[in-house]
Amino acid sequence: MSETLMEVSDLAVHFKARKGAARALDGVSLEWRRGEILGVVGESGCGKSTLARAMLALVKPAAGEVSLNGTPTNGRGSVRELRRRVQMIFQDPYQTLNPRQRVRAIVTEPLVVQGVPKDQHDARVQRAMEDVGLTAERFLTRYPHQLSGGQRQRVAIAAALVLEPDGLICDEPVSMLDASVRSQILAVLVELQRRRDLALVFITHDLSLAWSLCDRIAVMYLGRIVEQGMAVDVIERPKHPYTQALVTAIPVPTAGGGGERELLKGELPDAAAVPSGCRFHPRCPRRFEPCDRVDPELTPAGQPDQLAACLLYEPTRGRNGAGAADG
Amino acid sequence: MSPEQAASAALIPAEAAIEAPTDEGGVRHLLLGTWRGRIGLGIVAFFIFIAIFGSLLAPYDPNASSLDTLAPPSWSHILGTTESGADVFSQLLVGARVSIVVGFAAALISAVLGSAVGLAGGYFGGWTDRSLDALENWFLVIPTLPLMIVLARILNPSLWVLIAVIGLTSWAGTGRIVRAQVFTLRERAFVERARALGAGDVYIIRKHILPNTLPLIFANTVLIVAVAILSEAALSFLGLGDPTRISWGTMLENAFDSGAPSAGAWWYVIPPGLCITVLVLAVSMLGYLFEEYVNPRLKEQEG
Amino acid sequence: MSALLDIRDLRVTHNGHPIVDGVDLRIEPGEAVGLAGESGCGKTTTALSVMRLLPSSLRQSGKITLTPPTARKPINIDRRTERGMSFVRWRHVSLVFQGAMNSLDPVQRVDAQIAEAIRLHDRIGSKALRARIDELLTTVGLTPSLGHRYAHQLSGGQRQRVMVALALACSPSLVIADEPTTALDVVMQAQVLQLLERLREELGLALILISHDMGVLAETCDRIAIMYAGRIVETGPVRAVLSSPQHPYTKRLLDSLPVIGGDRGLASPIPGAPPDPSAMPEGCRFRPRCPYAKDQCRTDPPLREVGAGQSAACHFAPWTEWPAIESAEAVGARG
Numbered sequence: 000m001s002e003t004l005m006e007v008s009d010l011a012v013h014f015k016a017r018k019g020a021a022r023a024l025d026g027v028s029l030e031w032r033r034g035e036i037l038g039v040v041g042e043s044g045c046g047k048s049t050l051a052r053a054m055l056a057l058v059k060p061a062a063g064e065v066s067l068n069g070t071p072t073n074g075r076g077s078v079r080e081l082r083r084r085v086q087m088i089f090q091d092p093y094q095t096l097n098p099r100q101r102v103r104a105i106v107t108e109p110l111v112v113q114g115v116p117k118d119q120h121d122a123r124v125q126r127a128m129e130d131v132g133l134t135a136e137r138f139l140t141r142y143p144h145q146l147s148g149g150q151r152q153r154v155a156i157a158a159a160l161v162l163e164p165d166g167l168i169c170d171e172p173v174s175m176l177d178a179s180v181r182s183q184i185l186a187v188l189v190e191l192q193r194r195r196d197l198a199l200v201f202i203t204h205d206l207s208l209a210w211s212l213c214d215r216i217a218v219m220y221l222g223r224i225v226e227q228g229m230a231v232d233v234i235e236r237p238k239h240p241y242t243q244a245l246v247t248a249i250p251v252p253t254a255g256g257g258g259e260r261e262l263l264k265g266e267l268p269d270a271a272a273v274p275s276g277c278r279f280h281p282r283c284p285r286r287f288e289p290c291d292r293v294d295p296e297l298t299p300a301g302q303p304d305q306l307a308a309c310l311l312y313e314p315t316r317g318r319n320g321a322g323a324a325d326g
Numbered sequence: 000m001s002p003e004q005a006a007s008a009a010l011i012p013a014e015a016a017i018e019a020p021t022d023e024g025g026v027r028h029l030l031l032g033t034w035r036g037r038i039g040l041g042i043v044a045f046f047i048f049i050a051i052f053g054s055l056l057a058p059y060d061p062n063a064s065s066l067d068t069l070a071p072p073s074w075s076h077i078l079g080t081t082e083s084g085a086d087v088f089s090q091l092l093v094g095a096r097v098s099i100v101v102g103f104a105a106a107l108i109s110a111v112l113g114s115a116v117g118l119a120g121g122y123f124g125g126w127t128d129r130s131l132d133a134l135e136n137w138f139l140v141i142p143t144l145p146l147m148i149v150l151a152r153i154l155n156p157s158l159w160v161l162i163a164v165i166g167l168t169s170w171a172g173t174g175r176i177v178r179a180q181v182f183t184l185r186e187r188a189f190v191e192r193a194r195a196l197g198a199g200d201v202y203i204i205r206k207h208i209l210p211n212t213l214p215l216i217f218a219n220t221v222l223i224v225a226v227a228i229l230s231e232a233a234l235s236f237l238g239l240g241d242p243t244r245i246s247w248g249t250m251l252e253n254a255f256d257s258g259a260p261s262a263g264a265w266w267y268v269i270p271p272g273l274c275i276t277v278l279v280l281a282v283s284m285l286g287y288l289f290e291e292y293v294n295p296r297l298k299e300q301e302g
Numbered sequence: 000m001s002a003l004l005d006i007r008d009l010r011v012t013h014n015g016h017p018i019v020d021g022v023d024l025r026i027e028p029g030e031a032v033g034l035a036g037e038s039g040c041g042k043t044t045t046a047l048s049v050m051r052l053l054p055s056s057l058r059q060s061g062k063i064t065l066t067p068p069t070a071r072k073p074i075n076i077d078r079r080t081e082r083g084m085s086f087v088r089w090r091h092v093s094l095v096f097q098g099a100m101n102s103l104d105p106v107q108r109v110d111a112q113i114a115e116a117i118r119l120h121d122r123i124g125s126k127a128l129r130a131r132i133d134e135l136l137t138t139v140g141l142t143p144s145l146g147h148r149y150a151h152q153l154s155g156g157q158r159q160r161v162m163v164a165l166a167l168a169c170s171p172s173l174v175i176a177d178e179p180t181t182a183l184d185v186v187m188q189a190q191v192l193q194l195l196e197r198l199r200e201e202l203g204l205a206l207i208l209i210s211h212d213m214g215v216l217a218e219t220c221d222r223i224a225i226m227y228a229g230r231i232v233e234t235g236p237v238r239a240v241l242s243s244p245q246h247p248y249t250k251r252l253l254d255s256l257p258v259i260g261g262d263r264g265l266a267s268p269i270p271g272a273p274p275d276p277s278a279m280p281e282g283c284r285f286r287p288r289c290p291y292a293k294d295q296c297r298t299d300p301p302l303r304e305v306g307a308g309q310s311a312a313c314h315f316a317p318w319t320e321w322p323a324i325e326s327a328e329a330v331g332a333r334g
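Protein chains in written order, with numbering that gives the first Met the number 0: chain A, 0 to 326; chain B, 0 to 302; chain C, 0 to 334.
Treat the hints as calculated values from the structure; they're not laboratory data. Glycine is no exception: its CB is placed at the ideal position from the N, C-alpha and C atoms. Do not take every clue at face value.
Okay, the calculated beta carbon distance ranges per label pair [what the hints assert, rightly or not]:
id, chain 1, residue 1, chain 2, residue 2, range
1, C, Arg-197, B, Arg-35, 55 to 63 Å
2, C, Arg-58, B, Phe-217, 35 to 43 Å
3, A, His-144, C, Asn-14, 14 to 22 Å
Chain A on its own, in the form it takes in the complex (with noise of 0.2 Å):
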């Protein structure tokens, strides 16, 4: 289980904007092993779509790389390689599906692209939709618009599977579906993920859904990954402010929320003004002295395995940056 799947090495991903370069992913590091579910979570605009593009080589780093089973992606073959091997699920189900194309002529595409010998079409088409619950033959005959959301969603998935990857990447793949498909969706995921041993990656703004659904989680902040850990680690014991912050904005339905939280001000910076030194100093309510100026590194802090980016953490602070470290 703990074979790394696919590996980014400071990735930095710059796009232009009005005012210079917008740095979209500024030295990203991540290990995706195999058979884990990954999610990544933060705020629109944090650069997490960028970060599964940039995995998937849809778009060319600035610097940095990724690799899948140690090899680097970046020449046409390992690409090639990259496409067969890691499947990516997109977010809004009514544009995900090219409304011209039946359901079958979508499952079989990818194994068209790929050149899968024609002979093993029908029989993969068959058990991705049977594995996406789709199993009515008369689906394969329908329209995009005459499936609903939910439905359409579940297509995506099959046509995801259809080449039988080693991973998928995941991108808010059911914030636009209603609760109960969603449940519905959901349940698809993990159990596939269950009975064909997939590493997925699980891309998402909201906290709780990735706090049940995956085994680690890295939080990203303005194209940075903040803190990362064991999902319950990160979630229930947060260490970066920023995640706390998060955490306690989250609304809870029993229990009765209401009461006074302390949340965040201001919002999200441009990505090509990036502040100087911690990029979370100026909303970061517990900021002290050096944080203008440093850029901190991922460091342990709390669980094993649990690693922030603040200045509270580093070691040289030991436990006594300006406002004490809550264990």
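Got chain A sorted already, so can you dock chains B and C onto it with the hints?
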């Protein structure tokens, strides 16, 4: 879309758009179900029929002259005769062929050229797009009729030249529209998904971009047919058409040259003009119908 | 004290099919009521009915009475003419609607839009107008200078606050907010909710908050009504309903929500989908998807009181405990 969603959509822009029905049922309904569709289709079908069978149906050889010059309608010549004694009605029937052929052929060239340029520029962007766009702008800005006149003057007039000239001067509009549509499609999730599968550019254009652009191209091309028919008539009228063939435009040219209007020979002037008008109107009617159909769907698809 | 808003037997149909099918709702002055449910359940249509903003293809019937503290006598919304309604909208009840963030006019400055809303409903001098705009912007937590900007120069959260300011422009006593936080990040969402809470306290505002997110409703509302297939299936004080639901739909919906600190496993999902208005099942509308359905459920369960202020439309309510469910396969169709 549930009626409840429709209620809120009435007030707010639709965020998650439901895709509209496919073309098949829609187009058939448009053509046969609406009165505009039926009339337009009927008229165009009628003229196509004439274009094919006109020479067989003509009572006289349209080029045959006789001594009966500029005679008003009679039992032997339903629409009278021309200044050289030829039968107007026969000329009318045969002339339909040129209008239809030039109209459709020129529109086809325009569509193919415009689509190719629009697809290439819109999909590849960058340098390719900038240069193609400049080319497009050049053709858009130049006034078409004078350009056609100049081109027709330089090249020897013949049917093919006519078709080429009209095609060359009208492709830019299609190109523009296609390019805009391709820009939007390029960013759609299903295109990105195809890329993530490892599909190459040509495959994506062929399988994903083009099929979703065809309705637009089609609607636009129908309107270009109307323009082409009118352009042919104009060029022929100005004496730039193919002198060896009879068309409605050349009929009008001859009529005016021989002083038919002042001689009161209405049977020579009005029929060709009327035919041009009616055909162009019918084609335009169909074209706008298709455009209306394609456009709201485009907006829905944008989401 | 009479209710601020009293909705009796509201019905909305489309081509004869029920979209809202007999909804009763009472809002007291200053109260916040949440309307929960999935898309298609009728909650947005209900909100639009109160403002008489339904498109002409929908037929509305039922009694809606609004009794604002500033009005001389109760307003019968269902009987007003279109012209009569224009005096009610925005002055007594206003709306922050779904996707509102993108509904600002892109070519008008923000303060101009607020000014327009005010001027449409009140006579007011320009100095007083300026003061009012600044006051509104401050109330929603924006610095008044932001009023000079255009919509695209503001962030999503700021635009949403402008929409709230617009809704408050004429000091209504009731604001209907339809999914006001759906497109926002969790932090922005919390900020907007805090804002609404503060406004309620400071201005004595009554609120109808529509959302599919139970957490959002739990934060802000006093009472909650759960809608399914055009009907209210459960209602009651928000804490009671969320901690001890009395309708299987509510229960299953709550089960599917992950709550941090609790059990991490994913609950078995509710199979199937809500019924289409043209093909409503007979009897209880949730029956095809309900794991506890029995023959009795072929008759319509009325919404009746089953506890302290809590009502549910289920034959077997009150539920003191929920029996275990067999696997999801056993119930209804998938996909």
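Quick rundown of the hints versus the structure:
{"no.": "1", "hint": "C/Arg-197 - B/Arg-35: 55 to 63 Å", "in the structure": "holds, 57 Å"}
{"no.": "2", "hint": "C/Arg-58 - B/Phe-217: 35 to 43 Å", "in the structure": "holds, 39 Å"}
{"no.": "3", "hint": "A/His-144 - C/Asn-14: 14 to 22 Å", "in the structure": "holds, 20 Å"}
The structure is consistent with each of the numbered hints, conforming to all of them.
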